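Just so you know, the sequences run in chain order A and B. Sequence positions in the first sequence follow the working numbering and run 1 to 387. Sequence positions in the second sequence follow the working numbering and run 1001 to 1387.
Some hints here could point you the wrong way.
Stated by the list, open to error - DSS-like, lysine-lysine: derived pairs with alpha carbons at most 25 Å apart:
id	chain 1	residue 1	chain 2	residue 2
1	B	Lys1233	B	Lys1157
2	B	Lys1332	A	Lys234
3	B	Lys1153	B	Lys1046
4	A	Lys229	B	Lys1332
5	B	Lys1334	A	Lys228
Unchecked claim - Some, not all, of what chain A presents toward chain B, calculated at C-beta under 10 Å:
id	residue
6	Glu4
7	Lys24
8	Gly62
9	Arg218
10	Ser241
11	Pro243
12	Ile264
13	Leu289
14	Ile292
15	Ala327
Calculated from the structure, these hints are not laboratory results. All values reported here derive from a predicted model rather than from experimental measurement. Note that the Cβ used here is the ideal one computed from N, Cα and C, for glycine as well.
Number of protein chains: 2
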Amino acid sequence: MEEELLMIPGPVPVLPRILKAMSKPMIYHRGDEFGRLYEEIVEILKNIFQTRNDLFVLSGSGTCAMEAGIGNLIDNETRIVCIANGKFGERFVDIANRYNENKENVTTVNFAWGSPIELETVKEALECNPEVVTMAHNETSTGILNPAKEVGKLARKHDAVFVLDCVTSIGGDEVPVDEFGVDIAIVGSQKCLGAPPGLSAISISEKAWDLMQENPGRPYYMDLVAYKKSLEKKQTPYTPSLPLFFALREALEVIREESMERRIERHRMLSKAVRAAVTGLGLSLFPKLNEISDYSNTVTAISIPLASGITDEQIRGGMRKKGVMVAGGQEKLKGKIFRIATMGNITEKEVLRTIKALEQVLMENEFIDGEGRGMEEANRVFQNAWK
Amino acid sequence: MEEELLMIPGPVPVLPRILKAMSKPMIYHRGDEFGRLYEEIVEILKNIFQTRNDLFVLSGSGTCAMEAGIGNLIDNETRIVCIANGKFGERFVDIANRYNENKENVTTVNFAWGSPIELETVKEALECNPEVVTMAHNETSTGILNPAKEVGKLARKHDAVFVLDCVTSIGGDEVPVDEFGVDIAIVGSQKCLGAPPGLSAISISEKAWDLMQENPGRPYYMDLVAYKKSLEKKQTPYTPSLPLFFALREALEVIREESMERRIERHRMLSKAVRAAVTGLGLSLFPKLNEISDYSNTVTAISIPLASGITDEQIRGGMRKKGVMVAGGQEKLKGKIFRIATMGNITEKEVLRTIKALEQVLMENEFIDGEGRGMEEANRVFQNAWK
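Extracted from the complex, chain A is given alone in its bound form (with noise of 0.2 Å):
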């Protein structure tokens, strides 16, 4: 039987090299080698994420990431702006108040999950002159991209540190961190850059070690202070994940055989594809866009055509069926939409593996009459990519 193919945001299928590379046996995690093996993954990905800042690989998921993120740099008495438009920008509120007992510090601009981020509203919200301004760069849970680089200027503008969650798109979108003014950027391993699930990475500017240093309330295991002083040793302050770290730095290593470049490229294809196959197959994509935002080039929301009778568990529950796991709309979104991951080490034959799942899946229940057109599409699309 042809293995169960992940088409969700995270965890990506890995491939056999990366998954082969954790069986290497356990290193003495204060020695050279490790040393060695931490120092190139952390230079590697400074390039991911071009920034100079100080990076470091936490061992935890892209939320322990985002806690370190906020755990480490805000107390009671910082003021911090919150924008969000979906789940994983919410995220950032809820960490918010467990590290501020001052809920009027805590300001959140919310739009509607899967509507763009309006600026004004943004500007507006500013006006409050915060120490911290936080967003979803991706965001995964309704498949919009929003304005990185608009915002960073605004919160430059207001001389706050900038947190933004790139978690599923570093590795697979552009994301110049020094020229988005992002202070602190997250990523996870299980998105774009192909690994397991089980690190997260985060780079800190000059600005946020200002906030951080003297804060008394940091967390402890992922206390960033505690890491800037480990990694002078090229060490972690606690014990690493070791087997992660093998199949992160293997991971690194096929995306500098690809290249950061033609990887974007494919990213940004694949996910064309799909939205040219959904929508040629009478779908809407979820998201509404204006002129600083897009959709995601990591996944695609697509709105279940509730009103044709067709349900999420038809969709989503037929495609697995057929061998394809694509996932499922998040709390207020459960039933209404379904997401098409398009990440890591994907390629065209698994989005058109998908797009074939989909179409029998809608033929089935009779909200299409034939097969063939989004295969179609998604086929134009990747033949004039290679034009």
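Could you slot chain B onto chain A? The hints should help.
Same frame as chain A, now just chain B:
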């Protein structure tokens, strides 16, 4: 060339079949397959912990679980007594100070590193009627086994939540969590369980839940209330480190095949052999014991006979050249002791290889006149064990 033998207190050498388990392709972390895997791991660990309490697996090291235990439990108003006679007992103090701004609420009962815990001193400290009492069971930094049962009784008498760091005892020594009255027990994956680093497990009693439920300052990534809610769906709140779960499941299968009884017996025999060998070679064990403490069965701390002129570098550096890595002293014990761990799936063979390397180094540095005495003592222990 023979592979370097890790005789350090984690990461321990991992059996090939456990390493191999990590090359399994990724699965959906919210699906049935992961649910079964997680449920099985939790049930087996509850048996190993000998507890009926809730138990969770965190995607982070033992320190992550230590922070989870304290951070969910305490706030600025909580009176906490931390009993410490080594680095890991003291770690609870550091963590408590991050979650409790009122330093007068955090009482430390400090004994010299390597000295035993005196129950009379603990009794006096508990007169303040703390809500929480913490201790390290197996103090990895000094090779001493602390009196969990006795301190557990005192904590219960004062109706305090008893938090016990069992990071390097559970899986290698007898730790009946419920019988000892331990409300929060913690273990790491890369120690006596014989799995790779990156996971930890924590058990929580009803009494501990009472303090946690209403604590608004709980950490986020390691929010145990969120873990409890997610476990009902056989899920973790955030993406788990899948390959490490695959490995832990296999490591638990290895434990099942051996049986916990034989596993503990083996740990006892191996550490006894190490103690017999090193004392036979004229070295001294570092810990000072009283009637309620004992030598650790999972890590042996040995004083470096500095008066004889031999150094840490000569002993550990020399052994490493022979392919055997043992641990040094930490912080104030650096250069004064070295530590030989006998954790996880280590056998007589590895212990003998270690003792042989130690003998050679001691001879090369003219601490002893001839080889063989250490091996002889170790072998005598092994032979008696099989009688």
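Here is what the structure says about each hint:
| no. | hint | result |
| --- | --- | --- |
| 1 | Lys1233(B) - Lys1157(B) | 36 Å, violated |
| 2 | Lys1332(B) - Lys234(A) | 21 Å, holds |
| 3 | Lys1153(B) - Lys1046(B) | 21 Å, holds |
| 4 | Lys229(A) - Lys1332(B) | 18 Å, holds |
| 5 | Lys1334(B) - Lys228(A) | 22 Å, holds |
| 6 | Glu4 | 8 Å, holds |
| 7 | Lys24 | 8 Å, holds |
| 8 | Gly62 | 7 Å, holds |
| 9 | Arg218 | 7 Å, holds |
| 10 | Ser241 | 3 Å, holds |
| 11 | Pro243 | 5 Å, holds |
| 12 | Ile264 | 23 Å, violated |
| 13 | Leu289 | 28 Å, violated |
| 14 | Ile292 | 30 Å, violated |
| 15 | Ala327 | 9 Å, holds |
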